[in-house]
Each structure stands twice: as C-alpha cells, then as structure tokens.
Amino acid sequence: MKFIDIYKVRAIILLFLLFSIIDSCKKSFLQQVPTDVIPTVAFYKTAEDLTGAVNGAYAYQRSIYSNYFLYNIEEIRSDNTSNKLGAQAEQRAADNFQADQGNYIFGNDWAESYTCINLCNAIINRGPSINMDNTLRDRLIGEAKFIRAQTYFCLVQDYGGVPLRLTESTSLSGDNTLARASVPDVYNSIVGDLVFAATALPKNYTGSDVGRATSGAALGLLGKAYLQEGKKDSAAFYLQQVVRSNEYQLLPKYADLWAPANKNTAESLFELQYFPPKDGSPFWNNQATPAVPTNLVPGGTNTAFPSVPTQDLLDAYEPGDLRFPASVAFDVNGRPYSIKFRDTTELTGGQARNNFPILRYSDILLSLAEALGESTQAYALINQVRERAGLSDISAATPGTFFDKIQHERQVEFAFECQRWHDLLRLPSSQAISIMNADLARDLTGQNISIDQHDLLCPIPVTETQTNSLVVQNPGY
Amino acid sequence: MFVASLAKKAKNCRSNKFFNQNQIKTMILTVGYQNKSGTNSLRAKTWLIMKLTIVFLLFFTFQVGARGYAQKVTMSKKHALLSDVFKAIEQQTGFLFFYDEALLQKTEPIDITLSDATLKEALSVCLKDQPLTYTIVENTIVIQAKTTFSPLQSNLTMEIDRYPPPVTIHGRVVNKRGEPLQNVSVIIAGTKIGTTTNNEGRFTLTAPAITNLVLEISSVGFQKKTVKVGSLTEINVTLDEAVTGLNDVVVVGYGTQRKRDLTGSVSTVTNDQIESRPVSSFEDALAGLAPGIDVPPRSARPGNLSSISIRGIGSITAGYDPLFVVDGFATDAGNANSISPLDIKSVEILKDASATAIYGSRGANGVIIITTKSGRAGKTQLDVSVSTGFAKAPKNEFYKSLNGAQYVEWYKEKAAFAGTPPPNWVTNWDGTSTKWQDLIYRTAPFQNYAVSASGGTDKLTFLLSGNYIDQDDILLKAGFKKYTSLARLEYKANKRISLGINLAPGYTVQTLSAPDNDEASLTGAAVFLPPIIPAYNKDGSFSDPNSFGVIASVPMANPLTIASLYKGTNKTTYLLSNIYAQIEIIDGLKLRSSFGANLTNASDNTFQPALNGLGLSSATSLNLSSAQTVNWLNENTLTYTKTIHSDHKIDFLVGYTTQKVTSNFLSGNANTFANNLGQTLGFGNTITASSDATSNTLISYLSRLNYVYKDKYLLTATIRRDGSSRFGVNNQYGVFPSVALGWNMGNESFIKNLGFVDNAKIRGSYGTTGNNQIGDFTSQGSLTTRLQSFGNQATLGYVPVASGNPNLSWEKSLKTDIGADIGLFERLNIVLDYFSNRTNGMLLEVNVPPSTGYSTNLENIGSMRNWGYEASANLSLIKGNDFSWDIGFNATHLNQKVLNLGPNTGEIQQFFGALITKVGGTLEQANANNVIGILSQKDIDNGIAKKPGDIAGDYKFQDVNKDGIISAYNGPDGVLQGSNLPKWIYGASTRVTYKNWALSALLQGQAGANVFDFVYQLYSLHIFNWNLDHFLYDGRYISASDPGNGHTPRAGFNDVGAVSSWEMQSTDFLRIRNVNLAYNFSKKITDRLFINGLKAFISIENLYTFTKFRGGNPQAIRYNIGGAGGVVRLVGDGRTLSLNSTPTAPIPRVFTFGINFSL
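So the sequences go chain by chain: A and B. Under the numbering used here, the first residue of the first sequence carries the number 97, and numbering increases by one thereafter. Under the numbering used here, the first residue of the second sequence carries the number 6, and numbering increases by one thereafter.
Treat each hint with caution, since some may be false.
[Stated by the list, open to error] Sample of chain A residues with no beta-carbon within 12 Å of chain B, all distances over it, derived:
{"#": "1", "residue": "Gly203"}
{"#": "2", "residue": "Pro224"}
{"#": "3", "residue": "Asp229"}
{"#": "4", "residue": "Thr295"}
{"#": "5", "residue": "Gln480"}
{"#": "6", "residue": "His550"}
{"#": "7", "residue": "Glu560"}
[Unchecked claim] Going by beta-carbon spacing under 10 Å, a handful of chain A positions derived as facing chain B:
{"#": "8", "residue": "Pro135"}
{"#": "9", "residue": "Ala143"}
{"#": "10", "residue": "Gly152"}
{"#": "11", "residue": "Tyr154"}
{"#": "12", "residue": "Asn163"}
{"#": "13", "residue": "Glu208"}
{"#": "14", "residue": "Val258"}
{"#": "15", "residue": "Ser269"}
{"#": "16", "residue": "Ser330"}
{"#": "17", "residue": "Phe333"}
{"#": "18", "residue": "Pro373"}
{"#": "19", "residue": "Asp500"}
{"#": "20", "residue": "His504"}
These are calculated hints, taken from the structure and not from any lab test. Predicted model, so just to flag it, every value in this text is computed and none were measured. Beta carbons are placed, not taken as given, at the ideal position from N, Cα and C, and that holds for glycine.
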C-alpha cells in the first residue's frame, strides 16, 4: 500500500501541476489575433488608425472609378462615347440601355459605392471617440464626409433616391433592410456633409498631403450638388465662394491639364490620385484602342474596356478648338480614341501616372455661369473657358439657348470625365431623351434602340432588391 | 479465470459419477504447468482447491497403474534450496513439480550429488531427510507433506521407469508475414497440456509420447490451427488472421476497445492490406478496402493527396476533410500521409457519432486514425523490405484524339460547312500524324526500400524504421521521393509507470515538369495539339508548334519543350513527435499525459522558362514559397477500467486537451529573366514578396463511458466540450454528446443454441459532432491595406475586409447509425449499417443588401443530409491447411439532399449558373442545355427552336419552355443534369492461398455520378484548330444524305462556350486495383539462409479499368476543387468561366516485384 500511496500522491501533484500550468494561460488562449489582417476590434484606436482609414476611403472612392463600372454608367452611357471593341455583353447592354436589374455593371457600381460609404460611416461614427488632436480629427472626419457626399452624389444622380446609410454596418446578422430615401433627403445629407467638410477642411495642403479634399473642393461640390438639385441660388452662392477664394485658376493651356506629370494643378479642386508603379491609373490602358501603335502603349494590353468617342462628340468640337487635339486622336484605322489620360511611359498595363479629375476650376466657372443664368457675368465666365480653348467669345447674340450653349461647352470641356450623363440630366427630360436617341440611332445603326423616361435612372441592382425587401425598384425595370 | 474453471471442474468431478480419467489427469497436468510459470499468489490461492482435488484425483489415478520412466538425472549441488533442485530436475527430465511453497519453506537446504540417477532415485535423495513425500502422476511430480495421510502412500514404490519418455516439442509461430506471434496458445489436442509462445514466437512443450499427437494452436484474432506432430520435434506454424476478428482490439479515439464491445461504426484496414502495394502513402491503398470512405485520387501525380470523404460530403462552405489522427495526435492529411505505409499497423475509420463525437468539433467528417507499429520485447528483429518495379500509363485510358488524316478530314469538312476554302495546312498536309500523348508518358521506375528493427526487454522496447520510396511520374521528368523514418521507444519504469517517445521525421520531394492546369500542362498540350504538327524539327530538336501556321489565337508549346525547361519542386519536411507518460495510480486507474509537436515545412520552387506559347505567360517567372506549420498538442487523460462481479465491465475516460496550430507563409516572385541560367529572384525583374500568418487554438474537455453488462448489453456515452479560437466570441464553446447502445445477441442462449451463429450484434448510435473547418479568423471583423498616394507619395490606407460574425460557429452534424455485425459458420462475417448525417447550421454566405457595405455574411444557416447504407461481407470459402480461399466485398450507397440554403437563397450558382446547388437537390449539379439529337435541314425548315446561326448537323437542343427559342444554359431551357457525386462506391477482394503461395486481388469502383467535363469545353474551341476526340468524329453528321449516328454533330459544329449535355459524362468505373502474388519461403530454405522469414511478391496496381469514361482519370473532377487555380474560358455571352479544364493523366499501372525478409 505504501507503494501505491506514493505514486498516487505524485500523480495527483503532477496532474494538478499540468492543469494549473495550462489554466494559467487559458484566458488568452482562445483569443487568437490575426496578423494577416487588422482585427477591427483592435483598430480605430489612434489618430494613425483614423488617418489610415481615411486613406482607405480615398482608395475606395478611387476604385469606384478605376474599376470602370461608374465610368460605364456616367460616361460611356452618355452620347460622348460608346462601348465597342471587345467589350463584354453586359457592358454593351449597360451602354445601350438594354440592361436589366441583374446587369453586373450596376450591381458592382452600387456595391463599390456602398463599400466606400460604409468605411466613411465607420470613420465618422468612430472618430469622435478617439483620443486625438481635435483639429486633425475634424479634418479627417471632414474628408470622410466629403468622400461620402461625393459618393452619394453619384448614386442619387444615377439611381434616384437610394437607401441612406449613415452608420457603419458592424454586424450583419439580423435585419439589414432599409428603404430608399427620397431624392431631397439624399441631397440634404450630401449638403450636410459638405457644409461640415467646407468648414473642417483646410484650404490647401502641402507635401505628402497634397491631393486630400480641401474646403474649396467641398464648396465646389456643394455648389454642384445644389445646381443638380435645381437650387440655383444656393449653387451660385457656394460656387461664388470658390471663385472669390482666389485659390484656383485656369491653366493657360488646356493640353497641360493632361500631361501625366501635371497633378493637383492650380485648376484642380479635387482629383483621384494615382502614383505608379504600384498605384497607377488604368484609364489610358482602358481607353486606347487595340490598333494604337505599341510604342504609345508599351504594355500593349489595351483591349479591356475601350470607350470609343462617338460621332456626336466629334461633331461637338468647333473648328479650331484646342481641346480637340488634346482629347481625341485617331488610330491607324481611323478610329477615334481618347488621349486625355495618355501616358506613353507606362510600361505595364493599368499603371499610368495621370490623376483623374473630379472637380476642375473650369467646371466651377461653367457651373456658376449656369447657376447665375443668362447674363453678362455668365457669358464672361463661359468665355474664360472658351478663350483658353482658343475659341472666340460668345454672347447672348450667339445662336442657341443659353442652356444649350452651356451644355455644348461642358460636353467638349469635360469629355471622358464622367460629367456628360449628369449634365444631360439637368436638361428637360424630353430633350435629354431626344439627344440620346439621336446618338443611339447614329451609333447603333439599324438596331432600332431608343430610350424613354425610365432610362434616365439606372435599375436598382437585383442584389439589393432581393435582399432588401423595403427597396422599391425604379419604374420600368 | 483459471481458478474459477478449475473449481467448477472439481465440482463437476464430485457430482459426476462417470469420472473421465483423461480429463482428471489433464487437469492436474495443467495445474502443474501453470505452477511452473504462474505467480506465487496463484499457488497460494489455489492450494485449498488443489488439495481437495488432488486427493480425489490421485485416488483414481492410482488405478491406472505404474509405468516406468527412463529419464536420468545428474547434478551436484551444495546447500541448495529444494526448489532449485526441483527446478534442475524439471529441466533435465521434463517432469514438472507441483507443490505448495509453504511446505518447502519448512525444509532445509540440502547437499546432493547424483550421476545418471533415475528420477525415483533422485527424488528419494532429495526428500531423504525432509518431511515430504512425492507422487508421480503422468509427468508431474506432486510433493506433499509426509504427515498427510494419503491412500497413495504405498504408491511410492511403484515402478515409474516403465513409462515411455515424454517428448519435447519445439516450435515457432508466426503470422503471414513471418513476424513472430507472442502469447499464442499451443495445446495438445484433447488435453489441456499446453504452453504459450514467447516474444520470439517460440514455444517448448513436453508431451507424452503418444502417437497421433496433435497440437492446437490458437491466438486472439487468428484462425485456430491444428498440426499433427508425428515424428516432428520442430514445428513451425503460420497463423492466418481470423475472419471473425471478434476479439480484435480496435483503436478508437483516446483508447482501444474490443471489437465485440464496440457500439460505433468503425472500419479497420490492417497493414497487410496496405503493404506489398506500390504506393507512396497509405491513402493510395485505402480505396476499396472499407465501406463508407471515398478516396478519389484527384491527380495521378505521385505525391499528391487524394480528397477523402467519409459518408458523403456534408458541407458547402466549410471543408469536408476527415480528421486525421496519427498515434493519438490530431493532425492533417499531409502529415498523416508523411508516414510510410510500411510503418502503419492499422488504419481505423471512425464514421458514426458513437465513434467520432469524442473528437467534438472536428468529428463531423469522420476520423481516420493511423496507428504505427511499435516495438516488441525480445530478440532484436530486423525486417527488410525491398520492392522495385515500374509504372506505365494505360493506353486504353488515353484521350482518343484524332490522328492526322482524321484531323485533316474534319477540318476540311468544317471549312466546307463554313463555305470557306480549306486552310493551307489541310490542303498541304504532308502526312504527319504525331501521337502527342505517346510522347509525354514514359515507363517510370518505382523503388521502395525499408528496414525496421524492433526489440527490447520487458522494460524497454524500441522500434526503428527507415524507408525510402522513389516513384517517378509517368509524365516526363516528374517524380516523387519520400524519405521517412520512425522511432518509437517505450520504457516501463515499473509496474505502474511507463514513458515513451515517438518520432517520425520525413522528407518528400515532388518534382513537376509542367504547370498543373490548362493547355500548358503536358496532358493539355498533348491532347489539344494538332496531330499534323511534328514533334521534332529535322535536326532532332523540339519543334515550335506555333511556327506551322495551324494553331490560331492561343499559342501553345511543345510538351517536350515544356518538360525539358519547366522546373518545379515541392519539398516538404515533416516531424511528428510525441512524448508521454502513463501512471497507473491504482489498479485500473491510469493517468496519461502527452505532449507533442507536429512540424511541417513546405517549400515550393517553380521556374517557368521564357517559352513562347507556354499558354500561361510568355515571360519567365519564378515563384518561391515557403510555409511552416507548428501544431502542438497537450493531452491529459484519466481512464478507469474495472470489472465488477465479472458481469459489469466499466471503462471510463475523462480528458483535457489543448492544441494550437500556427502557420506562416512566405512567397516571392520575379519575372522577365534575361535568360534561363540564373534562377533565383535576383535575376528577374519586378520582384514581389508576400507573407501570411495564421493560428488557431482548441481547448477540449472530453469524457466517455463504456459499459458492458454480461458481454451482451453495451452502452457507450461520450461528450466533448470544445472551445475554439475560430468560433465567434458569442459561441466560443460547443458541446458534442453522443450515446450508443449495442446488443450482443450472439451471447444470448437462444442464438448460441443455433450453433452456427458465431456472433450477432445490433447497435445504434446518435449524437452530434462538429465541423470546424471554417477558417481561422472568419468570425472576426477585419481590415486590410490599400495603397493610396498623396502628393506623389505612396501611403497605406486601411479598408474593411469583413464585418465578422460574432455568432459564427461550427457546423453541426447530427449522426444516426444503426448497424449489425453478424458472424456465421466461422466463415462468414457481415457488417451492415444504415446511416444518416444531417448537417445543421451549415455555413453559407448569405447575401445581404450591398448597401450595408458588404455583399455577403457568413452565417450558420443551411442544412443538408447525407444518408445511405453500408455493407461489407467477408467469407472464408475454403479453409484448409494447404488451401484457403477468402473473398470480401463492401459497398456504400450514398444519398444527398440539400434541405435549406437560408433566406434569399433559392439556389447557389457557380460559374454563372453552370453549376447549381438548390434545395431538394444534391451539391453542384450541372445546369446545361439538353442535346436531343442533331439538327436536320427538315427540322430547320419546320422552324424548330435552335440557337442563332445553327445549321443542319449542329446539336439539336431541347426547348424546355417551348417558346421557340433556345435560351442559354442558365436561362429557362437549362436542365439540371443529375448528381456529380457517386451514388455507389464499392470494393471487392479475394485471396487464395495454396501451400506457400498466396494470390490476392482487389477491385474498386463507383457508379451513379454524372459530371460536366470541362475538357469538353475545350473540344468545342475548335476555333483554335485544336485536336478533337474520336467521339466527335465517329458517326458524325456529314450531309443530309449521310447524317451519321444521329448524335455526333458535323465538323465545325457551333456550340462554342455553351454548357450542353453532350459535355456531361458518367464517371462509373470498375478498376482492378491490385493483383498480388506472393510466395512464402519454407523454413527449410530460410534456415539455410540464416533468416527468419522470406517472402517474395509480384504486385500489379491498377491492372485494368472498366469504364466508359472518355479518357483520363474519372475521379479527377470535383468542381469545387480549384486548387491549382482555374483557367479562364469563354462563355457564350463573352464572359469568362474560371475553372480547371485540364485533361488529366490516367492513373498509372504499376508493376512491382518485392521481397520481405526478417533477420
């Protein structure tokens, strides 16, 4: 029995030791923290975290454009360009108003926009509880609000009233439905965000912050939002502030805007920032046609989503318009293509140096002119832009309505810049429809495609309508 | 047991009037024998009974009469203990002494000198001055106290020398593989005289010199054998494993159990079913051996893992790998396969809740337990196994590509249909007809060398084993080498404490000669390259296929060039290590603690040369990667085993375990090398690097109760509580219980009385297990980085990856199993099982409104059910000493039904609706347009629905919704094409032995699956002028007057990129998996060679496959296995399908010759 007792005791001690050793580390044992991703629970704790998240929001905002879904909707769908060479069926369908609610162009544009909005929401919601410098916090939240407003601004123009999500989605288990807000409610949110941003953001940045949203960008976008909403007085008020700030001016030469090295110029209020080799722009690669000599596109991989300028656009340029050679070129087959985002030094596909303009000073001038309505002051603003283009001044005596003249000027000034579709939407809808039908008839000869009122809004993607029972589809889809 | 039976017999003796002389004598002899080797305590305890019995028995024995003995004794001892003297006499005469030790303790040491004395004289001298007397009964000498009254007193004078001398029989018992068998019972037939073998399998038996002496040799788990002794004094016996195997011990989770006490569904595959097969890992040999397990080889490439599933696939999003447990250590398939097949003692496949619930959150997909061989005490035994052979690609399983003439004819017709002149290469064909497939395969040598040594003492046993396998691939320049070793040491410090260590280092090198997928693979290039292109240039160098103007659009490389320039090696180092200590605290209560680590280091190196038209890339590229995994495990279990009143057997287990797995991954890539000389990153441009790291932890509490009542009624209850870092914080712990009942009807008298039922057990189990293969951090919300630049300076942005789901949990599998084990006529064994596994809380990506910022959320929301039947039967058709014939059969019938895919999800579509999983159906059914024949001009004139552009001779499709239009496959005219999972998997085996010869065969097959073969997508891409298969040539539509067989379309048919039913094919096959002929050399020969055993064998693996599959490996396709990455293919509407559509290499036929011997 002695023998047994000794070992019993020893064994129990051993057992106890083993269990206690393991128990001591047990509490943290099941809390494994990933190192290949940043765990959300550990993030949003410092000013650096918040800055990083804001940088991420810029990157997301940029990918809405880079991935070409938005470009397909806002530029290619307009009468400026057309999806041809090698384009996929659904891209063509989106371009030609044949798309249904299952078309992935809309689905992806929608999803990317809201991914960006959700990150902005996280920054805006979580920013206030971070212990950090208040000025920097306000600036960062202001940047997030600017990006959120800009994204909602695109959504509301393309889809009408959309679900207005202003808080971060932290858990997806449970009810995720949310009805569409009215168009004025969406604009209210945009205005609120931009007003905040206009006060919280600095007028300009230096060094490695150049390219972030400024108070001028916020004011300019605010003016454009009001203009789009039809509130011309408010639009004029905020656009005037941009002009009076004396922060911006037109570059002397239109072509200089597109030199790859000319970024964040005096004319730029806000642009998407690209910085190759890893962080370059895909626009040149996407817009050059396959027949462009390879010495111009050394990567030579340019067949993905070419958007070909339409005859409508080519005809819109007046003789002698300096903007024409800076915007359009013809390949060896005589096919036109866009050269605004050309970067002949680009070695691999999708890595051009050019930034992509979201808001330029010429836009401020033309928008302000439009907001002011036909007036000497308005023509003076328009003529500033025309003069730079090497064209003669226009006045009330020039044939055409004031609005037509503005529209004409905008079409050629902002070709390939995702402006045309939204400009058309400010026209009386019958006029927008007839412009588009004329273009479609010419571009798609014999296909007998025409649009009606319902085509002025995109379909709410099926991915949303199927999962969000409160969302009502736009009429006609 | 012994005591009890003896007492019982004694009682019988008293009550039975007819005393059987032999029986009584026998009993005494048995007692005598036991005393020799038995324990002291036995002697003391049995003495009372003995005394009584002896008095009785001797009385009767007396009447037999005395016989003489001629055994002589010679000895000289001083001051010797009487017990030592007796021992010496025992040794010299073979007579055994029987006495009470208490008697001897009263005696004085004696001085004794004897020379050639008779036994009688010797005994007289021994007992001269002692208070003892003796009696001789047969060959046992009974020592008694002199004072005891005995009627036998006068017997002392009998003339014992008249007896014939007893004979001593020596022998050795081995198993089929020549390995010694310990503790085998050797008994003289009709008596209880017997002994057991020692650890070298040897026995010595002294027996009366009776003519017709027959030995009965038996051991648990082996077939009993009877041997006529005749004039032999040296007997060598080989025992065959019992068909019944009722007393077999089966390895279960955290312990072992007798098969007869088992309530769960467990299949065992033993080493003799695996060794002698030319395989590099155990799972290659597993197919067809056990019901319920499917072992499809996804690739014929040696060194690649199969994709094992047990009782169907019960998950959509999570993995379906079973849990692999090597010698108690829970690990993964890679580590399990690193063990040499020759080192494996048994593989247990745990299938139902009773067996798997003890593994809790990892048991849902079944458990495969691998037990390696361990050391045996005794003389060191050295086993050597050498086999060598070669593998060949079976030509009948090649893709039946067109030859030059057929190819030219087909493309000529294609041009004619298109109304274009035939291409130059058709009109100028020079008769070249290259059989590309013949060029990429070769005769690939196979070698396997293994040496193992085992031995030790009662205290310390060891096993050391080394193994080298070199298996070349049938594809040019590829192969697999595997170096493994195993070291097991066990030290028994004393009766209660033992310690041990297991180490299994391994190293494997897989060499690849081409990318794994697409037309740049050797098989892809060989199948699709036009036969009219020569393989070689005039100067003998490899041709460039693109220089002949035949191949359009997608450049292709000569497979010979690919093989000569492409370099891929995957090197993996494994180390499985485990130390343990076991303490028996009190009798039956054992505490076992083990700590182990499982280290894996895999490094891959792929250099893809600058090869114009390699398909994937025209630029050189180098990919390096390295992955380290450390898996450590601490287990502490306490078991208590107790038999109460012989009727109640209790086996209770509690345990606590912790496990942590961490992995690190590092990869580097460079491309555009200046030449193919420098092949490290530094020689390339655009060097990129990436790394990854992950970890998971598991804390478990487990318990099991096995209770057996009267060997008839069985209960197993298990419960495990698992806490895992993988699960969401709201659901970190899960409990997995199971209960099982069994009834050994065979032990009921009404069955026993039938006489022919060896055993009959019915059993049922129910319980819950989990599937934790959900990814390490899936439940956690996370962010990753994105580049963003400001002011021409790159900076990092952080963006959300996943919102996380704090409720995320394991998938639950509710398992029901009802089974029966039946043994009849000592010949037939049947195991039947019905099973049903219902997966609840199945992980699914539930679509959420994209306006939340996310498109899906992983939730435990779906359910599905796999159910079916398993049957296996083993029959000993003929059982003889010289000739025996066994046959075995097993089959599994599998059903699957998806029950719930959550809200918003009527169906899950993959590849743009080419594969559909929907409620009520099975996983991933192909969705295709039904081909209902070939379009005729009459059809077209009648305005039959057709695809735009289709003409007479194209496929005719079913207009399902009769709207006059053939929609795309994912439109209204798409029809689901049935299950891609085999409904039946089966295996059959037979083994015939005749004298020293043994011939065995194994068949394996599956049936009932219909797969969408992506390779056919490529046949429809004749727009690239690729080669086609014969089924698109033979009987094709040529013209209205020659419409062919009615189901083969015209040359140049229009079905590019569509998904149509002609691309479906059945994967039914029946394969002669292995044929093995072995010869065991007789002892005469082995003795002359001074070795213990020698066996030679010839083995043919995959001798022949009966299948209608049109080429390649019918088991290669599993849609959700995208491992090596998909290939981009066009779908009709311009989008791309991303999937693996590479033609596969057939499973090779391997011929080997081998010898095994032991020293």
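Min Cβ distance, Pro135 (chain A) to chain B: is it shorter than 10 Å?
holds (5 Å)
Taking the closest Cβ pair, is Gly152 (chain A) under 10 Å from chain B?
Holds, about 3 Å.
Double-check Asn163 (chain A) for me: the hint is only fine if its C-beta lies closer than 10 Å to a C-beta in chain B.
Interface hint status for Asn163 (chain A): violated (13 Å vs cutoff 10 Å).
Grab the minimum C-beta distance from Ser269 (chain A) to chain B and call the hint holds if it beats 10 Å, violated otherwise.
holds (6 Å)
Interface hint check: Asp500 (chain A), Cβ to nearest Cβ on chain B, cutoff 10 Å. Holds or violated?
Where the cut-off is 10 Å and the nearest Cβ of chain B is about 37 Å from Asp500 (chain A), the hint is violated.
Beyond 12 Å from every Cβ of chain B: is that where the Cβ of Gln480 (chain A) lies?
holds (28 Å)
Would the hint on Ser330 (chain A) stand, with a C-beta cut-off of 10 Å toward chain B?
violated (28 Å)
Evaluate the condition: distance from the CB of Gly203 (chain A) to the nearest CB of chain B exceeds 12 Å.
violated (7 Å)
Given a cut of 10 Å on the nearest C-beta pair, is the interface hint for Ala143 (chain A) held or broken against chain B?
Violated. Min distance 13 Å.
Cut-off 10 Å, beta-carbon criterion: hint that Glu208 (chain A) touches chain B
holds (9 Å)
Would you say Thr295 (chain A) is clear of chain B, with no C-beta pair closer than or equal to 12 Å?
holds (21 Å)
Interface restraint verdict for Tyr154 (chain A) against chain B (beta-carbon cut-off 10 Å):
With a minimum Cβ separation of about 5 Å from chain B (threshold 10 Å), the hint on Tyr154 (chain A) holds.
Hints 1, 7, 9, 12, 16, 17, 19, 20 from the earlier list are contradicted by this structure; the remaining hints agree with it.
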